[in-house]
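Asker: What follows is the residue order along each chain.
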Amino acid sequence: MSASSLISRRTFAGGALLMTLAGKAARAQGFAGLGMAGRGFAPVVPGRQLVFPADHGPHPDFRIEWWYVTANLADATGSAYGAQWTLFRQAMAPGPQAEGWANQQIWMGHAAVTRADTHRFSETFARGGVGQAGAQASPFDAWIDSWQMRGGAGMNSDTLSPLQLNAAGSDFAYTLQLQADHPLVLQGDAGYSVKSEQGQASYYYSQPYFRARGRITIDDTPVEVTGLAWMDREWSSQPLASNQTGWDWLSLHFDSGDKLMLFRLRATDNHPFISGKWFSPDGRERRLGPFEIAMTPKVFTEIAGRRIPTTWDIAIAPLSLAISCTSVNPECWMATRFAYWEGPIRFSGSHQGVGYLEMTGY
Amino acid sequence: MTRTLWVLAVLFSHWRRHPMQFATLAIGLVSAVALWSGVQALNQQARASYDRAAAAFGGVRTATLVSTNGGTFPQQLFVALRRAGWPVSPVLEGRIQVDGRSFRLLGIDPVTLPTEAGDRPPIGGELQGFVLPPGQTRLAPETMAELGASEGASLEASNDMKLPPLRLAAQLAPGVMVVDIGVAQRLLKMPNQVSRLLVGKSKGPRASLDKVVGDRLRLVKPTAETDLERLTDSFHLNLTAFGLLSFFVGLFIVNSAIGLAFEQRLPILRTLRACGVSSRQLNTVLLLELVFFALIAGLVGMAVGYLIAAALLPDVAASLRGLYGAQIPGQLSLSPQWWLAGLLISVLGALLAATASLLKAGRLSVLASAQPQAWRQEQRRWVMLQGIAALAVFATAFGFLWFGDSLLAGFAVLAAILLGAALALPLLLELVLAAGEYQARGALAAWFWADSRQQLSGLSLALMALLLALSVNVGVGTMVESFSRTFVNWLDARLAADIYINAADDAQAKAITAWLRERRDVIAILPGGRAETQFAGAPLEIFGLPDNATYRDRWPLLQSADDAWTRLQKGEAAFASEQLARRSRLSLGDVIEVPTPHGGWTIRIVGIYADYGNPKAQIAVNFDALAGHFPDIPRTRIGLRANQAAVPRLMSDLREKFGLDDHSLIDQATLKAESKRIFNRTFSVTAALNAFTLAVAGIALLTSLLTLGNSRLPQLAPLWAIGITRRKLAAIELLKTMSVALLTALLALPLGLLVAWCLIAIVNVKAFGWQLPFHVFPLQLAELLAVAMVASLVAAAIPVLRLARLQPTALIKVFADER
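Protein sequences, first through last, are from chains A and B.
If you're matching positions, the first sequence starts at 0 in numbering that gives the first Met the number 0 and goes up one per residue.
If you're matching positions, the second sequence starts at 0 in numbering that gives the first Met the number 0 and goes up one per residue.
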């Protein structure tokens, strides 16, 4: 295991946010530019109890943060759809929040919809302090431009339900209502998600139990969809290692109602850091260590001049799990300023279900 | 291949034996290419800088949203539009004074800036450095040099605000400073205000504009060409016209040189053909030779053109700045296309000039006897043909004049008149000389006229060049002089106040006014101000005139209704600038409505005034009425009427008491001198190009005479043989040349006045929007006539001196080996 290979899932995107805007420095300072020191920002420490609804809102003292929703959907005929809604926040400098344009926060939004035959995406950027983008805990609201995720009437802050979600690009749009009966789940150790053997970590909680209902419009043709959704909330101040090359992350909805999150951080020394957590609707959960998880890329797809594994075999002995994950559409390329692959998958084998796969650094 | 080289060597031998002829050819090509490419370099430089200015987030290339009432608006509208799906980015624009100089300050938001609106030029790798304190002030190297500062320096603006550290950005236009929008809001003391929103191209669902912002903002569609391009079109057209003129004058020289060389090489060509060189090969070699010369001369011409452009650039830049506020960097930068275009034009020009000769060489029969004079004799027929062509061209000119209604049509009229006159010249001279011959008494006199006629065809191209250069000189000279007089008179009347003050802010202006009220040497305090709004979709400047006898008595009006000033004072009337009146077809009594922060303002036009040198449309209204409708305009401009004797004292007191520098305090005399200086520089380019064309015409005449000199020996030898001395022969030759030159120059005068009329009545009106009174300046005409005659004299002197010193053997030889 690389001593300095630390990354929180999707940390890249937060880093990408600043670095894609900043451009040239990106690759010089570790993967996605998070090689910069986190000095001056609030540290991530174990034992901090997450408090809701306060922690649904922004944590500007930390360097990076995101609100992240992925949804596995289907229309009336059973055709699969995927939807992604992401809001990233990154502080360009530590210290008290400055007013107006002097505010040091930069916001980035990514949105996408996927169907077996097409993948549409859009991105947008904003500065904090003027109202173009932001987030607040109560009443819950997170927005950038016209994209918005906000709490519906009578939102329960323990379940983060109900939520309304919308986003649009030049060739797609969607609106979704998310509803959950089960409480949020805390990733890692009570929300303290360790990312390396040195103890570097992030605060990380999820709501994997959302049921989704709404409408996806592709090329001006609206389709009613229903399905499952997963929300991630994560914030941290910690940088990436310079030898980090990328990662593979999965969120899985089992037909049984169980949920599983897995990630594998790849490093140049071929010592990936693998971690995961399994949740059951009855409240049981299990953290999975690096030696309990086997993630094996199976089929590669050539996209944008890169070789990307779009089919995976996954085996987890303690769960008696051996599945094969295939993407709904292998061409889920997010050709945003910092490009990556993200899209819906389905899996079969010892267990069946759907989920989302995210891969960076290929 | 070897054969081709041999043929080439044989052909080259001709030039070795006639170096003067070669020089003529070279000079023709070089001068044709030089001025043309010089002018192109200037135009290219200017256009590039307009693009830079346009790309500076000013967004004429990008759709923008602006306030309906012409002012700034709260940035909350920006947020509201973003949240309604509009891909907009805010820009705050203002002016900032540093070291007494005024700069355009642009505040941008690099994060939302649409990529198509300037390619995020100032950001590059340093978003944080630009956005976070202390931030950066991005500026062009020219602006940096003007400030005499270096990167990293922190300058202080006149309002005691500190600018972020300076940072070079080569792609910015000179005179522009780019900062983060937050910094701009602080520097300009306009918190949360935005001047305009750039609308990105990305499409997506968005709410309708009026649903989001009501009628507070208005969408301005992008235009294909920038404002500066539109405004300065005429200026560049003017330069291009001059470049083209000298190009053609140069081609005249090339044509005569090649024609003569062809004629003299006929025996060689025939011999080569007889030796077995095929017609095709001969033609290929002739063509090769020409292209070779054209390329070499083209390169030299480009170098000379570069020097000309570099020499003229400061004046061109000053003119464009003075006339249109366009900022042109002082360093020439030339693209590869420029070099390529220059060489291409050189080759094409040479081919064009040599077409007739090449065609003839192509049809050359092997056994045809050498008829060197045939070329000339055929010219006689050409004179008639040219006369007919001239008539056709004149008809075209008339057609353009009658039907045309654009700047281009104006120039087409000019070009057609000049071309027609040039074509008609040989015919006119022929008629005059024929009349002279008819009148002649005595053998020598008869010979004088007849020989002049005979010589005419050889000289006609050079004379055409002289005619063109001279008439354009007369035309432009008359126009400039007319303008100059009108401008000076106008300036005298327009600058009504004795002292002009531009206070740093309203507070200082108030303090100054209070202080001035106590002074006894002040006759009147005249507050002034202007506001920006729109009319008919274009920017409109509203100029506030204080209600004061000074203005009523002196302010110049071209047209006015009854009681114009009284009605102006009531606030419901305005004077329109001549440019606005022409462009929007406004006349006295028309009613217009302009948007103000408090809704529409209905104004009746009661006067029209000249507003020379201002590219913007303007109306003048009563100052109090303006302040009532635009309460937020800065009231920092103050005019003073004072006793003449007290002016210096008052100035020094003001300077001392309020710390005003030369840019914020200026007296009438200095301002006038400054304006005239700008004006003079504006036309110094025209004057320089004028001189160049005249010089090229002089060279054309000289080279024509030189080449004629040799071939005329057979005509002169018999006269010498019958007892006329070489001196006398030379004197006769001189007299002949001077008389045809004089005839040409005399013809050029009325033609030049016609050109001046075209410039004043058509081109100026279309280009600038103002018409000038047409004046004729006899002294100037006489001066030009004298210059033309001196130029002809100098051109004629060398061949004549050569003739006077000619060895008698050379003349005898004529009889020995008659060609």
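It should be emphasised that the hints constitute simulated quantities derived from the structure, not laboratory data.
Please note: incorrect hints may appear among the correct ones.
Unchecked claim - Restraint ranges, calculated between C-beta atoms of paired labels, are given here:
(1) Leu339(B) - Asp218(A): 26 to 32 Å
(2) Gly348(A) - Asn191(B): 34 to 40 Å
(3) Val298(A) - Ser149(B): 56 to 62 Å
(4) Gly348(A) - Pro204(B): 36 to 42 Å
This structure is a prediction, so every number in the text was calculated from the model and none was measured.
Backbone N, C-alpha and C fix where the C-beta goes; we use that ideal spot for every residue, glycine too.
Asker: Take the hints in turn and mark each one as holding or not.
Answerer: Structure-based check of each hint:
1. Leu339(B) - Asp218(A): 26 to 32 Å: Because 45 Å falls outside the window, the suggested range is violated.
2. Gly348(A) - Asn191(B): 34 to 40 Å: Violated: the Cβ-Cβ distance is about 58 Å, outside 34 to 40 Å.
3. Val298(A) - Ser149(B): 56 to 62 Å: 58 Å, holds
4. Gly348(A) - Pro204(B): 36 to 42 Å: 41 Å Cβ-Cβ, so the 36 to 42 Å window holds.
Hint compliance for this structure: hints 1, 2 are broken, all remaining hints hold.
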